[in-house]
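Residue numbers (the numbering used here), protein chains in the order written: chain A, 5 to 651; chain Y, 447 to 648.
Do not take every clue at face value.
[As the list claims (entries may be wrong)] As a list, the in silico DSSO-like pairs of lysine-lysine whose alpha-carbon atoms are at most 30 Å apart:
id: 1; chain 1: A; residue 1: 588; chain 2: A; residue 2: 642
id: 2; chain 1: Y; residue 1: 568; chain 2: A; residue 2: 588
id: 3; chain 1: A; residue 1: 642; chain 2: Y; residue 2: 539
id: 4; chain 1: Y; residue 1: 539; chain 2: Y; residue 2: 458
id: 5; chain 1: A; residue 1: 588; chain 2: Y; residue 2: 539
id: 6; chain 1: A; residue 1: 642; chain 2: Y; residue 2: 458
Read the hints as simulated data drawn from the structure, not as lab findings.
All figures in this text were calculated on a predicted structure; none of them were measured in a lab.
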Amino acid sequence: MSDADYFRAPVLANDTQALRRRLENTWEGEPGIRGWLSTVDHKTLGIRYIVTAFVFLALGGIEALIMRLQLAQPNQSLLSPEQYNELFSIHGITMILWYALPILTGFSVYLQPLILGTRDMAMPRLNAFTYWVFLFSGAFLYTSFLVGAAPNAGWFNYVPLSSQASDPGFNIDFYAFANILLGISTTLSSINFIVTILSMRAPGMSINRMPIMSWGTLTVSVGSVLSVPAVSLAFFLLWLDRRFGTQFFKPESGGHPLLWQHLFWMWGHPWVYIIVLPALSMVSQALPVLCRRPLAGFSLVALATVLTMMLGYGVWLHHMFATGLPNISLGFFSAVSIVIAIPSGVALFAWLATIWSGRPVFTTSFLYFAGFIVVFVIGGLSGFMTGSVPADWQLHDTYFVVAHIHYVLIGWNLFPVLGALYFWFPKMSGRLLDERLGKWSFWLTFLGINLAFFPMHLLGLRGMPRRIYTYPPDMGWDTINLIVTTGAFALAVGLLLTLVNVVLSLRRGVLAGPNPWDGDGLDWSVPSPPPPYNFAVIPMIASRTPLWERPLSHSYELSSLTYGYALDQGKEALSTTTLDALPKAIVKMPEDSLAPFLLSVVLTILFAALMIQSWWLVILGGVVGLAITVGWLWPRRKLAQTAGTLP
Amino acid sequence: MTATRIIIGAEKLPVGSIGASAPGWWGIITGIVTEAALFGYLLFSYVYLAAQPHMSAWPSEPPSLSLAAPNTVILLLSSVAVWIGERAVRQNKPRMQLIGLSAGTLLGLIFVGVQLIEWKSKPFTLASGPYGSLFFTITGFHMAHVIAGLLMLTALIAWSYLNYFDETRHAAISVGAIYWHFVDAVWLAVFFTLYLTPYMSA
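Using the sequences and the hints given, assemble the complete structure.
Following this line, the structure appears as structure tokens:
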């Protein structure tokens, strides 16, 4: 072996057709069903994440509509109390766990390598694995429906309601194992984002030039890595309590039910920020393009994102204000819950300043982002209200809280996501979505959410408890409930219009070209849809807005987009230093592989075997899973993991 | 002033998995952070239930150190052995590399054996009360991590026999070694919480 096998000076070259043909041959995936199962291309996986998460949104939405039909009038009997319990549980679980973060993960998986100027995620096979585990965990959860044992103790699944004594069936076990599986997917995809964002940025993209959307994804990835173990552990301990007689949550023998609430909300409240901050950062990424100016207060918004996440770890107790905690805890957690409005306010005023001082283009995306700001304020205010202990005691477990959570999750997650869909759909498909249909869709969803969820505040103030399957006619709730149901259906129709729009535009949409919105980020410098290798040459970056340098002329150095590192000796990418993004190493990227798919199948079977306590299947699954893992990690000459000459 | 295109030239860069430039290196560091968080939540559960007023369900005597203390030393020695093995690969001493990794694995196995004896000697069970549940779950989680670490070390020994690594290309060994050090370090936190803190309050 020689030094040349281990070290090489990367060649700077021009973006030429010959280079593109060479890269196309190297990076193209396998065809056919095998290629479909084994792909590691972040663009394919990102779109799969997005489609799958939207399927879960549709499932959760249908569940919500059925519940709203039941509640439209007093004393209805469309659903039995047991069915209602299962529906509100699985609706919450689906939306919060299987839609809200995976949709953002999908956008990040698709976009991060593009906005960072690299060719794939740092660990492409892991990326495929986390997608498959996400998909199978969702299938696992919905299997509970098919066998008539869906989770039925609400999405936060409090003991003793979820204990074996109260709920002996498999209902809660399905939730437990599906949740732990999803937790594995979330943790590993977060690790992948952290490594990608910290070590794969294009040369010159120092940490202060990193796109704002990467700040969002990086922040919540760190948040997930630190908080997801809490909920996985909580569900594991619950399973031990339920099936092996441990005493963690059983007060009669010295355990404590509040331990569940602590572990759950130590994850649960950071999670609220985890499922909104990336959505907010997509707004910060896209809104400036539509306002024709860079984001106002970029550094403040980046810092506010990180600060919100950090404060998000100090507010979990505000879900437990009504559990009889000491006053000192109530005071502290109430204060932090209210202080967290400050970083949220920073982002809010940055968006307002961006619109105010820009020249907004009123596309559908812009409408969604602007509508989001309105809903953001309403959802934020009701959160601010429930952050105060006396108000919380009055409002706890009423529809006021339901109104708040829906304003926050639909407003802060779904609206930015829809705006992002209209904004980046052309990049993903090469075609624009129809604007006329899009605007109809926006106004219907905007009307729908306010009609469905604003009156819920009033229901809560009038004392309607959450999670009741029906109510008597003389409570003063009838008319409001009917309005809420009407709003829910308007929202559904609005979303359906966007679905129709997607289906029609995929075939008939106007061709977008690489940069339909005249955007500033690297994602707009590549063709739509991008080639498998993303960038023919790895660009060299001189500013935060590499495509807007001439009009802004804020830098006397310009980014180099058509002259850069060729890296064409096999599947290669560039790794750079964390702060300065100086070239650090040439990374060998893996080929397509079936291992991620197979391992996720085995892992899912293993979890099912644990749930039904089929120990021979557990052992078999463990052994097969281990064999696949060893095969996956086996050091390969081609990936430059072993000593000797490169092939 | 006319703008010029930025050029960020590079001298010779490492190709592929070399030291901390391998994606797996940062992957395992981040993985260790999340595993450490997991143990943090486990120990939180212990402290939370220990602090509750119903101490009748709690053992009256602090746990015996006669097996656990020497076993802690054994686990720490295994870390030293793995460290020697990893240093040997960097210095291109393949014999020492195998000896270090094998000795680390052997000491890890002894730890598992002693831990099993320790488990057998306890008068309580997983289901006999919250203390037993916590004790066996926390040490069980740690045991699972030790076994995962031992599997990693076994693979590294096999790959070392196959001469896969040299003084430059050995990221897999560094990744496995840092995980093993983590498994040992987190034991110190478990040992301190489960075995030593009861003596402090007594």
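Worksheet item: Regarding the pair residue 568 (chain Y) and residue 588 (chain A), is the alpha-carbon distance no greater than 30 Å?
Response: Violated. Residue 568 (chain Y) to residue 588 (chain A) sits at ~53 Å, over the 30 Å cutoff.
Worksheet item: Under the criterion that the straight-line Cα-Cα distance not exceed 30 Å, is the pair residue 642 (chain A), residue 458 (chain Y) satisfied?
Response: holds, 20 Å
Worksheet item: Given the proposed pairing of residue 539 (chain Y) with residue 458 (chain Y), does the C-alpha separation stay at or below 30 Å?
Response: Holds, at roughly 26 Å.
Discussion item. Check the hint pairing residue 588 (chain A) with residue 539 (chain Y) against an upper bound of 30 Å on the C-alpha distance.
Written reply: Distance of about 27 Å is within 30 Å: holds.
Discussion item. Check the hint pairing residue 588 (chain A) with residue 642 (chain A) against an upper bound of 30 Å on the C-alpha distance.
Written reply: holds, 20 Å
Fill in: Hinted pair residue 642 (chain A) and residue 539 (chain Y), Cα distance within 30 Å
Status holds; Cα separation ~25 Å.
The structure shown violates just one earlier hint, number 2.
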